[in-house]
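Numbering (my numbering), first residue to last: 1269 to 1460.
Treat the hints as calculated values from the structure; they're not laboratory data.
One or more hints might be untrue.
[Stated by the list, open to error] Label pairs and their in silico Cβ distance ranges: (1) 1357 to 1431: 17 to 23 angstroms; (2) 1421 to 1291: 31 to 37 angstroms; (3) 1421 to 1339: 22 to 28 angstroms.
Heads up, the beta-carbon is just placed ideally off N, CA and C, and yes, glycines get one too.
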Amino acid sequence: MALPTSSVITLHINGERHTLPVDHRTTLLDALRERLDLTGTKKGCDQGQCGACTVLVDGRRTVACLQFAVAAEGREVTTIEGVADGDRLHPVQQAFLDLDGYQCGYCTPGQICSAIGVLAEHAAGWPSAASADVRPEAGPPPLTTDEIRERMSGNLCRCAAYPSIVEAVTRAAESGAGARTDAGPEAKEPAA
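Between the sequences and the hints, there should be enough to build the whole structure, so can you do that?
So this is what it looks like as structure tokens:
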């Protein structure tokens, strides 16, 4: 007897429930773009290397091309379409706009979702490879340019808008965007 290769799943995306049949091999990226017409999330390398498909799953950054849609069932998924509050842009979006943190714009949705995740991780006190003191009692490391570059290093920009991206993340952090949880659940503790 062969095991089933498809299921009907319910995804919670941007505050809405979507029930759809999917092949078990369907990635979250393909479910978003091809099945739900949420095309803001971009398909870049389709190998988890460029970050263009970054979304937030339960408030944590995820490359949607490497996550199966069935694994996202019952979790809160936030795409670029769900980041703004109506007509009011998220502080990260506004900073990208104000500081020209984009060029062609293809990577921008993934950059913005990643930056939102970065700021939540930083606010929660998570260190990075650039953090000088990684002890929990040290608290969040200063959000320096090197710290932001390291944390955003999984998101590539072919147009090389990196200086503006770093400046936009800095401005968003100064506006308190890391404390915002309305673009997805608050970042959870890192897995042990």
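**Message:** Hint compliance check: list the failing hint numbers for this structure, sorted ascending.
**Reply:** none
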